[in-house]
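Take a look at the letters that make up each chain.
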Amino acid sequence: MVSGIIGTLVLGTITVLSYFTAWQYFFTDGKVDGAYRAITGFNHVWLTLTESLHIDLGVLLDPISVMMLLVVSTISLMVHIYSLGYMKGEDGFYRYYAFLSLFTFSMLGLVVATNIFQMYIFWELVGASSYLLIGFYYKKPSAVAASKKAFIVTRFADLGFLIGILILSFFTGTFDFAALTNPSGQVLGSIAGTSFIGLSVLSWSMILIFMGGAGKSAMFPLHIWLPDAMEGPTPVSALIHAATMVVAGVYLVARMFPVYAIWAPESLAIIAFVGAFTSLFAAVIACTQTDIKRILAYSTISQIGYMMLALGVAGYGGEAGSGFTASMFHLTTHAMFKALLFLGAGSIIHAVHSNEMGDMGSLRKYMPVTAITFLIACLSISGIPPFAGFFSKDEILAAAYTSQPIYFWVEWFVAGLTAFYMFRLYFGVFWGKKTEYKHKPKEAPLSMTIPLIVLAIGAAAAGFIPFGDFVSSDGLAHEASFHWNIASLSILIALAGLALAAWLYLRESSRPEKVAAGFKGFYTAAYHKFYFDELYLFITKKIVFELISQPLAWFDRHIVDGFMNLIGRMIYRFAVAVKRFQSGQMQQYAFVFVSGVVVLALIILIWWT
Amino acid sequence: MGLLLPLIIVPVLTVIVIAFTRTQHQTRMTAAIGMGIQLLLSVNLVIQYLLERKTGNKAEMLFRKSWVWFDSLNIKLDIGVDGISVAMILLTGIVVFAGVFASWKVKNLSKEFFISLILLATGVFGFFITIDLFVLFLFYEMAVIPMYLLIGIWGTGPKEYSAMKLTLMLMAGSALILVGILGIYFNSAPDGGALTYNLLEIAKINIPLPAQRMFFPLTFAGFGVLSALFPFHTWSPDGHASAPTAVSMLHAGVLMKLGGYGCLRVAMFLMPQAAHEMAIIFLVPTGISVIYGAFVAVSQKDLKYINAYSSVSHVGLILFALLMLNKTAITGAVLQMVSHGLMTALFFALIGMIYGRTHTRMIDKMGGLLKVMPFLGAAYIIAGFASLGLPGLSGFVAEMNIFVGAFQVSDTFHRVLTILAVSSIVVTAVYVLRVVARLLLGPIEKAEYEMIEDGHWYEKFSTGLLIVAIAGMGMIPLWLTDMIRDSLDPIMTKLASSI
Chain A
366 MVSGIIGTLV
376 LGTITVLSYF
386 TAWQYFFTDG
396 KVDGAYRAIT
406 GFNHVWLTLT
416 ESLHIDLGVL
426 LDPISVMMLL
436 VVSTISLMVH
446 IYSLGYMKGE
456 DGFYRYYAFL
466 SLFTFSMLGL
476 VVATNIFQMY
486 IFWELVGASS
496 YLLIGFYYKK
506 PSAVAASKKA
516 FIVTRFADLG
526 FLIGILILSF
536 FTGTFDFAAL
546 TNPSGQVLGS
556 IAGTSFIGLS
566 VLSWSMILIF
576 MGGAGKSAMF
586 PLHIWLPDAM
596 EGPTPVSALI
606 HAATMVVAGV
616 YLVARMFPVY
626 AIWAPESLAI
636 IAFVGAFTSL
646 FAAVIACTQT
656 DIKRILAYST
666 ISQIGYMMLA
676 LGVAGYGGEA
686 GSGFTASMFH
696 LTTHAMFKAL
706 LFLGAGSIIH
716 AVHSNEMGDM
726 GSLRKYMPVT
736 AITFLIACLS
746 ISGIPPFAGF
756 FSKDEILAAA
766 YTSQPIYFWV
776 EWFVAGLTAF
786 YMFRLYFGVF
796 WGKKTEYKHK
806 PKEAPLSMTI
816 PLIVLAIGAA
826 AAGFIPFGDF
836 VSSDGLAHEA
846 SFHWNIASLS
856 ILIALAGLAL
866 AAWLYLRESS
876 RPEKVAAGFK
886 GFYTAAYHKF
896 YFDELYLFIT
906 KKIVFELISQ
916 PLAWFDRHIV
926 DGFMNLIGRM
936 IYRFAVAVKR
946 FQSGQMQQYA
956 FVFVSGVVVL
966 ALIILIWWT
Chain B
73 MGLLLPLIIV
83 PVLTVIVIAF
93 TRTQHQTRMT
103 AAIGMGIQLL
113 LSVNLVIQYL
123 LERKTGNKAE
133 MLFRKSWVWF
143 DSLNIKLDIG
153 VDGISVAMIL
163 LTGIVVFAGV
173 FASWKVKNLS
183 KEFFISLILL
193 ATGVFGFFIT
203 IDLFVLFLFY
213 EMAVIPMYLL
223 IGIWGTGPKE
233 YSAMKLTLML
243 MAGSALILVG
253 ILGIYFNSAP
263 DGGALTYNLL
273 EIAKINIPLP
283 AQRMFFPLTF
293 AGFGVLSALF
303 PFHTWSPDGH
313 ASAPTAVSML
323 HAGVLMKLGG
333 YGCLRVAMFL
343 MPQAAHEMAI
353 IFLVPTGISV
363 IYGAFVAVSQ
373 KDLKYINAYS
383 SVSHVGLILF
393 ALLMLNKTAI
403 TGAVLQMVSH
413 GLMTALFFAL
423 IGMIYGRTHT
433 RMIDKMGGLL
443 KVMPFLGAAY
453 IIAGFASLGL
463 PGLSGFVAEM
473 NIFVGAFQVS
483 DTFHRVLTIL
493 AVSSIVVTAV
503 YVLRVVARLL
513 LGPIEKAEYE
523 MIEDGHWYEK
533 FSTGLLIVAI
543 AGMGMIPLWL
553 TDMIRDSLDP
563 IMTKLASSI
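Which chain is which? The protein sequence lines are A and B, in order.
Per this note's numbering, residue 366 is the first one in the first sequence, and the count goes up by one each step.
Per this note's numbering, residue 73 is the first one in the second sequence, and the count goes up by one each step.
Hints were generated in silico from the structure; no laboratory data involved.
Please read these numbers as outputs of a predicted model, since none were measured by experiment.
Heads up, the beta-carbon is just placed ideally off N, CA and C, and yes, glycines get one too.
Be careful, since some hints might not be right.
To be verified - Some chain B residues judged to face chain A by a derived CB distance under 10 Å, without partners named: (1) 177; (2) 278; (3) 364; (4) 377.
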């Protein structure tokens, strides 16, 4: 217990300091001539690589890093407090808090990175802490497999990130964000012009860097690790796999945004497409899952898709930059309501001891606080005014509409799906059938309900923050205009989704099965997550393991080593053959000697005659 | 006596004292004290070296001493160190000291075991401090020969076969090196004058190009065999699998680095033109080593084979980086020697300890060991993280130097090879995590494993020391990288002058 209290107190201090920093930055020190500037707190050389390239460790404050400081420290503090109750009496309690602290350290280091290599360093560290925490229940084979999968898939994505950094730094001679993201593009000039297979080298490197971001943020087709990551303890899912680490990819793109928007628009178009597709794809799967954490996981993937899309359709500066603001806004509100949803789910699981929706029903009677806070989060994510999600989603939809209407319609549809699957979950768990429980479910203890209430306040009210005043693509305050036509359309489809969910799941009925049967083939495919796990299993097991590794191992043992052994044997054979010449028998020596003389004599005779 | 000579005297004295000990406990205490002093001397050497450099001493080698040994052939015991050799000496000091504690419980003939082990260490220390090629070769042989006895007598499995194979292949490498060294010697005074074995003297002149073309490949391949250069790496899996714990630690940890060190110090430094010409030819097998070793490791079942192939991959990266012929990559190569030395020693130490408890090294027969041995299990996970290049541990520092350095060579051939080598980080993650999952996590495989005890004090000390070194290097790398970088100047000038 001591470890938990120490961890929580330290994190409390960090949170206070973050808020203090934010206050100072946004209201006193950050603004120069009406624009927020970047402040480098300190920056020390950690490792020298070449004459011009060196890895520094430092602290960079600008609107998005300060915003992330707030998000990370707030959610992390809530999860620390919550875990005091949730993990109580768990085997390895101190280990849990140690890992949680390691994660928070790494995440904060990532957020305040002054250069792209520092970001990569902490990027890997959050990956490792995520691995350790997903595999926290290490005696459970599924948790072990999930942690391994998460690490390897993101490692594969990080390979792209690393190569992207190598290309970018080779041409620009710097890792520093300040130099790279300078809108004048001084260091980028040479590389933006060079071309390689149709795109500029800069675009290629930015696509590779985005690959890293796509891996961390579970974008299609690298999304497969996130649903499995739900094997970790639920508060961990709330912190790492919903609110903070998984949005690191969005943060990375936002960090490099001027480069994407001004110098590599092709890569930004790819980001927009990947974001839009992922949000639709994941939302469809979310409608069919029955494990409550997996539903939330797919919902997370879908919502991060929103954020990526918003960045993808944005431009640099002014009205075009509203997508950037919208994305960061949604990141913040999403952190609130998704953390709340996960912690609520944790509270349910804590009471019911199951993840399956089938084991739940009518829980509102037993767990009123959880039920109400969960409802607030559902309303928020579904985009019902005046909850936070409504405002941030509206800005994203507006940005998509002004830039590329096709994406607007996709995301508008996804908004409907979101409302549907969230209320399917809500009604299924808190309403629906009357379940007989062996142990009567109890409301969670105070240490768990307080974070729920705090986050519920955030999820309800965060929408009223004038976000554009603080965060924008170019540091200038940007007035977010409210779009009634878009808002009414999105409210309409959200209500439609909600109503459909209510019709199907509010009371126990046979309607859900009928609807599922109506979409038979499609439903089955979505239920099996469109068979992506099977595809990856095929690649790793059949191709890497059986088609590459095992034949190579055989080749090594039998061909390469066989050849070495063959040399050894041939020398041995040769020795055996030569050995006969020195038998020690006088008669043999005499015989050879005499025969030699005779042969020589014959040769000489023939020669002479 | 200076700072360097004690580095050979102390181990020799330790061997002599051990010869007079009576009980196993006396033997190992003597070994521990002797190697403890040795480690302190190594640490002191690092400090003195850095202080001396700070005073502005720019000499190529510091703490020079010279004694004539064999006048007519101009062979001298000529000693001196630069940042590279200092780094290697520190590595050796740590690994040998940890190795003594890892062999705390050697059962039979413990006296002879420690004598051979420390003789081997003497050879390694001698190798790193000499600048006379002939003496260098002598020490090299001194390090390779005890290996035969150590594996043949104290090994497991098909130990005679493995010992024979390892020794013969390394001897074949030695033969190439000897020819190479003699070739260098006879070309060391192209304008007439006295022939010399002294590295620094030879570096001042240019060995004629035809001679370089002839002797560079011999020397490089000869040292390459010791660094498990594809396709001459097959001694490594068998040798390691049969070797006792401390021998594996020393062999993979230090001895394989002699190869990389020799390639850099002898082949590339003295024959830079040939190095430029032939780098491309040697890059191909080293590139293959990197990716091939990693893929073969993926499907192995025996812990020691996994690590042996992992070593093929990681040590391949050392030679790969050397052949990039630029400062950053070569710094990375030396860092990788240190880093890989520490982490592979840790791996082999842990494998020995696990084997001592489970009596198997097959990963599919083990599982859930983290629960019964949390300390050793956590140590294994840390070693694994270091191996897959997690920031904060030593592997990352080395690999990033190598990758960034290699990427500075901008033609397509090097680019493709570099990207292939970089992609080994994913394959490494696959086999490391596979082993961690099978070995340590999941439910406990057999009921008898419930009885396993966690590490004893000497085991914790041995692994703890290595972990501290790995983390220290990974978190505060700048002093080490700067020390190595600055020492590369003479080599870089020599390489640059020959283009």
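Results of checking the hints against the structure:
With its C-beta approaching chain A no nearer than about 29 Å, residue 177 of chain B sits outside the 10 Å limit, and its interface hint is violated. About 27 Å separates the beta-carbon of residue 278 of chain B from the nearest beta-carbon of chain A, more than 10 Å, and the hint is not met. Of the supplied interface hints, the one on residue 364 of chain B holds, with its beta-carbon coming within about 6 Å of a beta-carbon of chain A, less than 10 Å. Taking 10 Å as the C-beta contact cut-off toward chain A, the hint placing residue 377 of chain B at the interface holds, the least distance being around 9 Å.
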